[in-house]
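Asks: Listed below, chain by chain, are the residues.
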Amino acid sequence: MAKASSTLPFGGTPEQEAQLKQYIEEHKGQGGALMPVLQKAQEIYGYLPIEVQQMVSDGLGVSMSEIYGVVTFYSQFSLAPKGKYKISVCLGTACYVKGSGDVFNRLSERLGITNGECTPDGRFSLEACRCIGACGLAPVLTVNDDVYGRLVVDDVDDILAKYAE
Amino acid sequence: MENVNIKINGIPLSVPKNYTILEAARENGFEIPTLCYLKDINAIGACRICVVEVKGARSLVAACVYPVNEGMEVVTNSPAVLKARRLTLELILSTHDKKCLSCVRSGSCELQKLCKEYGVEDENFFEGVNERVEIDMSAPHMYRDNNKCILCRRCVAACEKLQSVSVIGPIERGFKTHIGSPFEVELDATSCVSCGQCIVACPTGALSEKDDTDKVWAALADPTKHVVVQTAPSIRVTLGEAFGMPVGSNVKGKMVAALRRLGFDKVFDTDFSADLTIMEEANEFLERVKNGGTLPMITSCSPGWVKFCEFNYPEMIDNLSTCKSPQQMFGAVIKTYYAEKNNIDPKDIVSVSIMPCTAKKFEVGRDHQDAAGVADVDIALTTRELARMIERAGIMFTQLPDEEFDNPLGESTGAGVIFGATGGVMEAALRTAVEKLTGEELKALDFTEVRGTAGIKEATYNVAGMDVNVAVASGLANARALLEDVKAGRKNYHFIEIMACPGGCVNGGGQPTQPASVRNFVDLRAERAKAIYEEDKNLPVRKSHENPMIKKIYDEYFGEPGSHKAHHVLHTQYVDRKNG
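So the protein sequences, as listed, match chains A and B. So that you can map any letter, position 86 of the first sequence is 86 in the working numbering, and since no number is skipped, the others follow by simple counting. To convert, count from 1 in the second sequence and add 1000; that's the working numbering.
What the hints contain is simulated information worked out from the structure, not anything from laboratory work. Small disclaimer: the values here were computed from a predicted structure and weren't measured. Mixed in with the good hints there might be a few duds.
[To be verified] Listed next, the in silico EDC-like pairs over lysine to aspartate or glutamate satisfying Cα-Cα at most 20 Å (straight line):
| no. | chain 1 | residue 1 | chain 2 | residue 2 |
| --- | --- | --- | --- | --- |
| 1 | B | Lys1215 | B | Asp1265 |
| 2 | B | Lys1161 | A | Asp58 |
| 3 | B | Lys1487 | A | Asp58 |
[Said to hold, decoys possible] Calculated Cβ distances over 10 Å to all of chain B for the following chain A residues:
| no. | residue |
| --- | --- |
| 4 | Glu15 |
| 5 | Glu25 |
| 6 | Gly29 |
| 7 | Glu43 |
| 8 | Pro81 |
| 9 | Thr93 |
| 10 | Thr119 |
| 11 | Asp121 |
| 12 | Val147 |
[Unchecked claim] To spell it out: a stretch of chain B is covered by chain A in this simulated footprint if at least three of its residues, at any positions, have a beta carbon under 8 Å from a beta carbon of chain A; those stretches are:
| no. | region |
| --- | --- |
| 13 | 1168-1175 |
| 14 | 1178-1188 |
Ideal placement from N, C-alpha and C gives every residue a C-beta, glycine not left out.
Bound-form chain A, shown alone (with noise of 0.2 Å):
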């Protein structure tokens, strides 16, 4: 299965493309220079979709399929941007026998989108994480710095309300 793509538009700028070709010019022909491009990459812009891979491929010489393998290995990189609501619920264990799958799986049809993605108008990003050592709230979810715990998913709608503005 494919990992989540972005469905916004690319608004990268020239600062940050002349930033990423400096730290990739610094480290063009050295071994193993891949991770810290793409992790400064990640830096720059957020998230690393197809134009700012390209524009790794092109810099280093390195092929999009190589880059791309890279990006879906490791769970560090995003293909898909963060809203300006990050939503975060815990799907460790003890979160997840409270039935917090469920409070996931209600987050996801209400914004349409599925772990890793971003809501078309950059609102809201929802991600599944693994324990945040808040277990004797569980089920636990977070957005941004924001957390509420023992959740049913009839709360939902009352959480993304407050978000709404």
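Based on the hints, put chain B in the right spot on chain A.
Replies: Relative to chain A, chain B alone:
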């Protein structure tokens, strides 16, 4: 090379220090099974089927990547080894399709063979995550069925290392790992050149050509159709392999007999149009030299190469010869000259070709390949598809008598047949061009400098006072290296031959598959080419322009090479696929 002393299965041996356990064992009569390993391009120790016991080692080791060292004691077939191999096979099967009965590779599948050898009794021993995924049918020449993929990555290595095309790779990780193209686009949306080297590298049925045999069966059964077949130069030296004959067997006579028994109305030889290609291409080259045309001129016989050029070097399209490939020239002659001569409507002719090549399936659908207003060639089959037809028709191939091609388009020369090996087109062109330039009879016909399996070959010939620099490349990674040299001005050639597949058509992506156990230890390119040059040596006519039928067709139809009519029927044009 210094040797080291080791023991394999208790037998003391002295082997070169740079050997792996696999090489040392194989050379001394012990076969170790492999799946992911392909010599020179894929030594990754990933599949674990080649594990062996090494005395003192913590665990079993992968023989394909483990170097020998002094005093090493290896056991290749202990109960622990056999158990580990069976377990590996059971794990591979847990996510495998297991549709052997309907699989195109049933009988030639490396996984299937190993399962039998290692006594896998329950193919459902482990229940893996076994989601069915969609088969990628997008490309004109092949399909990818990832349900049958064992993730050995041999296709990835062939695409990247041999061809520098790199349009496929491993994606994701864990159970989700699969082979595909960046951003999951279908193969047809990539810059795949249709060479098929991934198919001949695949151990299972995950990759295969699109089967067009049904179209041929239908044509053969239709009494209103005149069905004509042509066979490429290299088919005669590879088809036998599909029937268990040794690599390098020349089965020309049996091949012709089989095609006749399949019911083709005429069985012709692409070697004839190879000669025709030489007439046009040698003439084009001489014209370019004389008139200051674009040089170096580069051959255009290999549709995989042509597509590669269009994708990656569109600025060099003017360097490509405008000659159609021999397949297309043949088809064009059939539907123009032959149709007129025999008073057949070209629309009633079905023109079939047997090719070593999957890119030929792409080529038949290109624009500007329709001299008579209908497709020059209707159906291009690979050697493998022909073998399947012969099998299905119940024709006992090895017992067939030797028969001759039909005339008039079955007449050919040694120059035509060597098209099947890398350097052959160059040599054939030189035999004609040198004679034309000097006006004297050429006595020494063997241009040995351009023969052999080296990826890039160069030579300079002094012809009528002019130094002609030529180069020959096979395998697109080699072609890329050569073209970079040309573009940078580091090399200066007049004439270049490029074949997409390493070793040329004898090692094409449409040829019979050989398992890794053969590929890793037999040079298919060299063995098959040997049979090609043997045929050339023994033919009475070895220069294209001396082919009596070639003389006749120019007298009766084309006038002379490069004429207006020849251009209309035998030449084509190309497209820039990079910039659209």
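Asks: Next step is simple, just say for each hint if it's right about the structure.
Replies: Hint check:
Only pairs whose Cα atoms come within 20 Å are accepted, and Lys1215 (chain B) paired with Asp1265 (chain B) is accepted, the gap being roughly 16 Å. Annotation: proposed proximity of Lys1161 (chain B) to Asp58 (chain A) holds, straight-line Cα distance about 18 Å (limit 20 Å). Between Lys1487 (chain B) and Asp58 (chain A), the direct Cα distance comes to roughly 19 Å. Compliance with the 20 Å bound is thereby established for this hinted pair. The Cβ of Glu15 (chain A) sits about 26 Å from the closest Cβ of chain B, beyond the 10 Å cut-off, so the non-interface label holds.
With a least CB separation of 21 Å from chain B, Glu25 (chain A) remains clear of the 10 Å interface cut-off, as annotated. Even its closest Cβ contact with chain B, about 17 Å, leaves Gly29 (chain A) beyond 10 Å, as expected for a residue assigned away from the interface. With a closest Cβ-Cβ approach of about 22 Å to chain B, Glu43 (chain A) is found to remain outside the 10 Å limit, as its non-interface label requires. Every CB of chain B lies more than 10 Å from the CB of Pro81 (chain A), the least distance being 16 Å, so the non-interface label holds.
Against chain B, the non-interface label of Thr93 (chain A) holds: every CB pair exceeds 10 Å, the least being about 19 Å. Even its closest Cβ contact with chain B, about 20 Å, leaves Thr119 (chain A) beyond 10 Å, as expected for a residue assigned away from the interface. In this structure Asp121 (chain A) is separated from chain B by more than 10 Å, as the shortest Cβ-Cβ distance comes to about 23 Å. Residue placement check: Val147 (chain A) keeps its beta carbon more than 10 Å from all beta carbons of chain B (closest about 30 Å).
Counting residues of the region 1168-1175 of chain B whose CB lies closer than 8 Å to any CB of chain A gives 6, which reaches the minimum of 3, so the coverage claim holds. For the region 1178-1188 of chain B, the proposed coverage by chain A is satisfied: 4 residues have a C-beta within less than 8 Å of a C-beta in that chain, meeting the threshold of three.
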